[in-house]
Amino acid sequence: MALAFFFYFSGVIVLTSVLVVALRNPIYSAISLLIMFFHVAGLYVTLHAEFLAAVQIIVYAGAILVLYLFVVMLLNVKREERYHAQFPLAALLGVTILTEVLMLAILRGFSSEPLPTLGGAGQADQATGNTETIGEVLYSTYLFPFEVASLILLVAMIGAIVLAKKDIGLASRNQ
Amino acid sequence: MTGTELLLDYLSRYFPVFVFVVIALLFGVVTLVISHFVQPKYPEAEKLSAYECGSEPFSDARMPFPVRYYIFAMLFVIFDIEVIFLYPWAVVFGKIGFIGLVEMLVFIALFLVAYVYAWRKGALEWD
Numbered sequence: 046m047a048l049a050f051f052f053y054f055s056g057v058i059v060l061t062s063v064l065v066v067a068l069r070n071p072i073y074s075a076i077s078l079l080i081m082f083f084h085v086a087g088l089y090v091t092l093h094a095e096f097l098a099a100v101q102i103i104v105y106a107g108a109i110l111v112l113y114l115f116v117v118m119l120l121n122v123k124r125e126e127r128y129h130a131q132f133p134l135a136a137l138l139g140v141t142i143l144t145e146v147l148m149l150a151i152l153r154g155f156s157s158e159p160l161p162t163l164g165g166a167g168q169a170d171q172a173t174g175n176t177e178t179i180g181e182v183l184y185s186t187y188l189f190p191f192e193v194a195s196l197i198l199l200v201a202m203i204g205a206i207v208l209a210k211k212d213i214g215l216a217s218r219n220q
Numbered sequence: 023m024t025g026t027e028l029l030l031d032y033l034s035r036y037f038p039v040f041v042f043v044v045i046a047l048l049f050g051v052v053t054l055v056i057s058h059f060v061q062p063k064y065p066e067a068e069k070l071s072a073y074e075c076g077s078e079p080f081s082d083a084r085m086p087f088p089v090r091y092y093i094f095a096m097l098f099v100i101f102d103i104e105v106i107f108l109y110p111w112a113v114v115f116g117k118i119g120f121i122g123l124v125e126m127l128v129f130i131a132l133f134l135v136a137y138v139y140a141w142r143k144g145a146l147e148w149d
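Protein sequences, first through last, are from chains A and B.
Using the working numbering, read the first sequence as starting at 46 and increasing by one per residue.
Using the working numbering, read the second sequence as starting at 23 and increasing by one per residue.
Bear in mind the hints are in silico, worked out from the structure with no lab data behind them.
One or more of the hints may lead you astray.
[Claimed, not checked] Per the computed footprint, the stretches of chain A lying under chain B, defined by three or more beta-carbons under 8 Å from a beta-carbon of chain B, are:
id	segment
1	54 to 67
2	90 to 103
3	107 to 114
4	132 to 140
5	185 to 195
Since we're looking at a predicted model, the values are computed, not measured.
Just so it is clear, CB atoms sit at the ideal spot from N, CA and C, and this is done for glycine as well.
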């Protein structure tokens, strides 16, 4: 039953990922990417990573996908034909990686043993909530990286404004 | 309890979320299906043409959008990530107490700098 959840989520992830690169209308690609994001969030939930699942939906499905759609709208891509010539190369790479994964799986054997976690973090997750654990660690041990993250976001925002405003300035000069 | 039972017990707590997703999907599908069968259909050339505020459509709807839209999307992404940091903070606020408040004030102060910068540079203005 637990395996059924995994196969449902991973199956849909694989299918929609293939559709993202195979569909020729970029808007359809973006929508299948959205379905993929939601199923990745589902996979995170089965892995007891609720916070990551929420981040997946809020940031990826909510914000990153908007950026992708805006890029499609900005560049005015109607149908994407250019990259279909790269199919043989992509197939070669894909088959190579698939062989590698299969070999690893066969050599290691399909075992239902849980993978070792860092310092028994898996048990801690069960006791309290996943989000609580992240919060406690983030606002005590990793306080400095947390504040640095704020600074990086500030720099990203200033960079975005500088780049985009340059374009707006050019547009108003041309008028 | 075995691992499978634990996982099922855990996932059963997500049943309301599942019901919510199903209702959301059904709402869209059922609305479309019902309106497909119930709507009166008297098609004619004028009705089937694209409606553009009464004026004649003069070009394809899929034209490049101004880059100005993109800056709003980027600002949205950045503030969205800030919100992500607020969730775990709100959950453990009772435990980390006053120091946690100071940490978050520093975090938000840096964002206020970014917000003031965006405002003063006119990034939130349309023109």
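Here's how the hints hold up against the structure:
1. 54 to 67: violated (count 0)
2. 90 to 103: holds (count 7)
3. 107 to 114: That given contact holds, which follows from 5 residues of the segment 107 to 114 of chain A lying within Cβ reach (below 8 Å) of chain B.
4. 132 to 140: violated (count 0)
5. 185 to 195: Result for this restraint: holds, n = 6.
When each numbered hint is compared with the structure, violations occur for hints 1 and 4.
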